[in-house]
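Line order of the protein sequences matches chains A and B. My numbering applies: residue 46 is where the first sequence begins, and numbers increase by one. My numbering applies: residue 380 is where the second sequence begins, and numbers increase by one.
Some clues are possibly wrong.
[What the hints assert, rightly or not] Below 25 Å or equal to it, Euclidean Cα-Cα: the simulated PhoX-like pairs (lysine-lysine) are:
# : chain 1 : residue 1 : chain 2 : residue 2
1 : A       : Lys65     : B       : Lys469
2 : A       : Lys60     : A       : Lys101
3 : B       : Lys414    : A       : Lys65
By construction, these hints were calculated from the structure, which means they are not laboratory data. Note that the coordinates shown come from a computational prediction; the quantities given were computed from them, not determined experimentally.
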Amino acid sequence: MKGIFLTKEQADKVKGRHGKYSELEPIEINKDFILPADVMDDPEHREVINDLGDCKFAEIEVTVTEESKTKELKEILTVKSVSEVKISIEKP
Amino acid sequence: MRKSALFGFFGIGGYRPESELLFARMDVALSEPWKIIYNEAIDGLITSGWWNELDVIHITNLVTEQQGTLNLKGNFNNLTNVNSLEWTTKVGYKNLTGITKYIHSSFIDAPGQKFGEDGRYFTFLNVFDELNTAVYWMQRATGTNYWAWRVRNTGRTHGYLAQVSTLDATALGSTPTAIGFNAALKNSLANVRFINNDSYMVPLTETLGTGVAGNVKIDYLRALGTNCNWIGIGKSRGDDMTHYESLKSIISTFNSKVALL
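Please work from the sequences and hints to get the whole structure.
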């Protein structure tokens with residue numbers, strides 16, 4: 046899964062309700078935060094995503110096992126790789 | 380085209396007042412053919428008695444996602460899409476990404492709701508496609524990992540899990556497909572049952588905890604490949620399968636007509 050890598054400050058900024066029926070809930074991994082990259086294409090989140098500034102992409106691995114079914118979400122997500130290149134989210 | 384044989388109950392437009400209120404909450408107006416089948420579904424829910432037994436009903440396979448987020452019972456507990464869960468016109472929600480995305484209705488059990496009234500609980504989902512991973516498509520949980528009525532899929536074998544007071548889950552049965560009507564109901568402290576299309580799954584006879592009022596939250600589709608087009612939460616109507624057949628029939632009739640639009 047491709048994700049957007051966020052700092053805590055960025056995660057706090059985008060977290061919550063947006064648009065008519067949508068919400069962003071950044072997931073904490075190792076003191077950083079991720080969102081699925083698809084949120085960048087969602088008109089419901091356009092305004093808040095555009096205000097993020099520079100972000101990095103991350104490749105996220107999700108491991109769901111019998112043992113993980115009762116664990117917190119952050120315990121079953123691992124970051125496989127993080128893009129070294131910072132990208133700017135295009136403003137309209 | 381006739382809107383209904385029961386014009387006497389309907390408003391000026393020929394639709395149920397409940398339907399008219401929903402039309403007014405939509406961001407884009409439905410076309411006349413859509414209004415007719417939508418109104419038929421609401422009429423079916425009312426005449427079958429389900430309307431008064433449910434707190435929350437969502438029909439997600441409409442024309443716009445906003446329309447699909449509406450709780451038919453009123454302007455509360457509308458669906459919220461968390462982290463851009465995939466949605467398709469006339470199809471509904473399907474999780475194509477994984478556990479970071481889901482939908483919820485902000486439903487919290489509380490006194491005065493149908494859910495939990497007389498110790499009866501009922502939730503249902505209508506699944507429109509085969510699941511493809513061994514994870515969950517329906518959850519009932521608190522913020523402290525308190526799970527119940529959780530359903531999973533392993534390949535093409537669907538293990539039904541139910542557990543309220545501990546973190547241990549019990550596989551209750553299997554069925555060749557989850558496509559169609561799936562429900563979990565609890566009629567008493569010692570009777571939890573799961574319905575898959577026309578049949579009851581294995582009855583669970585172990586004693587279950589009662590839960591804590593105000594501490595139940597239901598998230599949906601928090602797993603890759605999970606999907607649904609109808610969702611409901613309310614009070615079970617006992618063990619008479621006829622009631623559940625009536626709800627299933629309303630859903631399948633609506634979905635078959637949507638496919639023709």
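Status of the hints after comparison with the structure:
1. At roughly 19 Å between alpha-carbon atoms, Lys65(A) and Lys469(B) fall within 25 Å of each other, so this suggested pair holds.
2. Between Lys60(A) and Lys101(A), the direct Cα distance comes to roughly 18 Å. Compliance with the 25 Å bound is thereby established for this hinted pair.
3. Note on Lys414(B) and Lys65(A): the hinted pairing holds, with a Cα-Cα distance of about 22 Å set against a maximum of 25 Å.
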